[in-house]
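Residues 1 to 165 (the UniProt record's numbering) make up the sequence shown, in order.
FYI, nobody ran anything at the bench for these hints, they're computed from the structure.
No more than 20 angstroms apart at the CA atoms, straight line, and that leaves these computed lysine-lysine pairs for PhoX-like:
# : residue 1 : residue 2
1 : 52        : 27
2 : 6         : 27
3 : 6         : 26
4 : 6         : 94
5 : 69        : 6
6 : 54        : 27
7 : 54        : 26
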Amino acid sequence: MHRRGKTAFVTVGTTRFDELVAEVTKKETLDLLQTVGYENVTVQFGSGVIPKVKQPGVLCFDYKNDISKEMRSADLIICHAGAGSVLEAVRCRKAKVIVVINEILLDNHQWELAKAMHDGGYLLCVTVPRLQEAITRVRDEVFVPFPDQDTSRFPELLNNILGWK
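Kindly produce the complete structure, drawing on both the sequences and the hints.
Written as structure tokens, this is what we have:
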């Protein structure tokens, strides 16, 4: 059940990221989130282990067809480094974004995207052991607004490549 106050939304997408879910649902992290003003925490845990959380204001679910409502209503988004989740998160201009790298992945192309977005000033990028530090730090961060999507660019590029222009 949600209470008044700010909301943090955590998503791991469709993959397992049990380390992130375990870290964000442990008592110390939930207490920290509450201390810095996030009274409500919603965790989308995907195909991973179902978190056992007893603290009020915490809601957990595995999947929904569309999590854009949760993202748009969040004040803080903590997500894995999948391109779709990262882009959707930074487009929610209301929310601060922390991207957590899954270090277990072998070919960690996600690290490159998350680092580039971090270096561009759009979000914080951390590993699981540094999540609590990032939660403390994110409230004072001023992020660069992510540019609006320009849907004309791809057809323009394709037309140029195919010589139709």
